[in-house]
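Protein sequences appear in the order of chains X and E.
Under numbering that gives the first Met the number 0, residue 203 is the last one in the first sequence; the count climbs by one each step, no gaps.
Under numbering that gives the first Met the number 0, residue 203 is the last one in the second sequence; the count climbs by one each step, no gaps.
In short, the hints are calculated from the structure, not lab data.
Where hints are given, some of them may not hold.
One copy or any two copies: either way a pair holds, since identical chains are not told apart in the list.
[To be verified] EDC-like mimics (lysine to aspartate or glutamate), calculated; alpha carbons at most 16 Å apart, straight line:
(1) K49 <-> D30
(2) K106 <-> D91
(3) K49 <-> D24
(4) K9 <-> D30
(5) K106 <-> D172
(6) K106 <-> D50
(7) K106 <-> D24
(8) K106 <-> D95
Number of protein chains: 2
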Amino acid sequence: MARNGEARAKILAAADALFAARGYDAVSMRDVAAEAGVAKAAVFYYFEGKDALYAAVLEGYYRAHEAALTDALAREGDLRDRLHAVVDAYVDFAADNVRYARMVQRKIAGGGGDLTVVRQNLGLLLRGVEAALGDAVPAHGPLAARHFFVTLSGAVLNYFTYAPALEGAWDGDPLSPEGIAERRAHLHWLVDTLLAALPSSAPA
Amino acid sequence: MARNGEARAKILAAADALFAARGYDAVSMRDVAAEAGVAKAAVFYYFEGKDALYAAVLEGYYRAHEAALTDALAREGDLRDRLHAVVDAYVDFAADNVRYARMVQRKIAGGGGDLTVVRQNLGLLLRGVEAALGDAVPAHGPLAARHFFVTLSGAVLNYFTYAPALEGAWDGDPLSPEGIAERRAHLHWLVDTLLAALPSSAPA
DNA sequence: GATCGGTTTGACCGTTCGGTCAAGTTTTGA
DNA sequence: TCAAAACTTGACCGAACGGTCAAACCGATC
Numbered sequence: 000m001a002r003n004g005e006a007r008a009k010i011l012a013a014a015d016a017l018f019a020a021r022g023y024d025a026v027s028m029r030d031v032a033a034e035a036g037v038a039k040a041a042v043f044y045y046f047e048g049k050d051a052l053y054a055a056v057l058e059g060y061y062r063a064h065e066a067a068l069t070d071a072l073a074r075e076g077d078l079r080d081r082l083h084a085v086v087d088a089y090v091d092f093a094a095d096n097v098r099y100a101r102m103v104q105r106k107i108a109g110g111g112g113d114l115t116v117v118r119q120n121l122g123l124l125l126r127g128v129e130a131a132l133g134d135a136v137p138a139h140g141p142l143a144a145r146h147f148f149v150t151l152s153g154a155v156l157n158y159f160t161y162a163p164a165l166e167g168a169w170d171g172d173p174l175s176p177e178g179i180a181e182r183r184a185h186l187h188w189l190v191d192t193l194l195a196a197l198p199s200s201a202p203a
Numbered sequence: 000m001a002r003n004g005e006a007r008a009k010i011l012a013a014a015d016a017l018f019a020a021r022g023y024d025a026v027s028m029r030d031v032a033a034e035a036g037v038a039k040a041a042v043f044y045y046f047e048g049k050d051a052l053y054a055a056v057l058e059g060y061y062r063a064h065e066a067a068l069t070d071a072l073a074r075e076g077d078l079r080d081r082l083h084a085v086v087d088a089y090v091d092f093a094a095d096n097v098r099y100a101r102m103v104q105r106k107i108a109g110g111g112g113d114l115t116v117v118r119q120n121l122g123l124l125l126r127g128v129e130a131a132l133g134d135a136v137p138a139h140g141p142l143a144a145r146h147f148f149v150t151l152s153g154a155v156l157n158y159f160t161y162a163p164a165l166e167g168a169w170d171g172d173p174l175s176p177e178g179i180a181e182r183r184a185h186l187h188w189l190v191d192t193l194l195a196a197l198p199s200s201a202p203a
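Make a model of the complete structure from these sequences and hints.
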């Protein structure tokens with residue numbers, strides 16, 4: 000091998016697939032090495048240990064996610080346009096990286112481990128939504144931006160994490176292009192409905 | 000010991016606390032035994048194995064959850080009242096059993112393991128919401144009951160699972176009585192807003 | 001063709017895991 | 001009172017884990 004970072008890339012891809020499919024504990028370094036077609040010691044040559052390997056996989060997702068979101072947040076336009084762009088970026092990213100939603104939810108619900116990296120990513124999103132909503136929304140109370148943030152991000156992410164558990168209840172695969180398109184339409188309707196109901200836009 | 004199911008109950012309580020705090024893999028049968036103040040072999044005397052122990056813990060939560068929900072679903076009243084009752088029951092249950100939200104999310108996002116028990120519980124909820132919404136909502140498309148179900152249950156559950164990751168972003172503890180009350184108000188506002196926007200109730 | 005640094009490997013280590021088992025203790029019921 | 005049933009235990013097992021290491025490999029450079 001030795002050419003370029005070929006071995007490293009193969010290890011990272013294998014770890015990505017395995018961690019996303021089975022979770023952290025159910026994947027052994029032997030599994031990763033076998034999936035990558037490499038000796039187990041090679042995995043330790045490129046990564047300090049199992050934690051570092053998992054962090055590297057997650058880090059890649061976070062960078063891609065951040066890029067997708069900052070693009071959407073930087074958009075010009077009115078509130079509705081910007082929120083739609085954020086939701087679209089979120090859905091696109093989750094759809095292109097179905098593993099990501101699962102890994103994030105697992106990290107949050109997992110209990111152990113430091114949540115600082117998750118906290119940073121959530122913080123970025125929250126501040127984005129807060130900035131986008133601006134003074135269309137009260138600073139405190141049940142209609143504060145924070146609550147819309149939790150509600151919206153839950154509405155996006157949960158669809159993807161719940162998908163495998165919703166099998167029988169859906170007609171067709173929830174993760175098919177048609178299913179995702181329908182979900183996207185639901186989310187757009189949701190954003191429009193919530194915006195229309197906000198006190199400050201009531202007179203319009 | 001030997002009196003009643005005392006040992007069994009202590010093991011179950013210990014497993015509950017440990018699984019909820021650390022997750023499945025990070026808890027060993029030795030940990031459970033130590034926490035319960037019992038020999039490791041005793042754990043295997045009462046439960047077939049680690050999977051069975053985890054299933055027993057989850058089962059208890061599911062039964063309690065089911066009871067809370069069927070009560071709410073059986074309520075008389077108009078659509079709004081019934082949906083508020085369901086949301087309240089969901090929030091109450093999640094607040095009283097903070098561990099539960101984490102365990103369910105972990106089970107769903109965990110990848111491995113059979114999701115049949117989760118699927119059954121989700122199915123119960125989904126059918127409840129579908130029945131409650133009745134023909135206030137189209138049978139297919141982005142406004143179908145399924146989507147509201149995912150959106151609403153995500154809005155409820157995610158608040159509790161995200162709580163530890165939202166620390167800095169919230170003022171005060173999101174899981175304090177005040178925080179939960181504020182979230183409940185948000186959810187009620189959400190239900191009312193969505194209902195008001197539904198096509199069939201537009202004329203009203 | 002010798003050598004040198006980055007790469008790859010198989011063999012190995014100590015630890016911890018889920019699970020078993022035979023022996024001991026306590027409770028029960030006739 | 002005593003034997004059977006229910007319970008509890010410490011010692012033990014094989015397997016799998018994360019991680020280490022010295023040796024071998026391999027493509028450059030001189």
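Now for the hints, and whether the structure bears them out:
no.	hint	in the structure
1	K49 <-> D30	within (12 Å within a copy, 23 Å between copies)
2	K106 <-> D91	neither (21 Å within a copy, 25 Å between copies)
3	K49 <-> D24	both (10 Å within a copy, 15 Å between copies)
4	K9 <-> D30	within (13 Å within a copy, 37 Å between copies)
5	K106 <-> D172	neither (25 Å within a copy, 20 Å between copies)
6	K106 <-> D50	within (12 Å within a copy, 21 Å between copies)
7	K106 <-> D24	both (12 Å within a copy, 14 Å between copies)
8	K106 <-> D95	neither (19 Å within a copy, 23 Å between copies)
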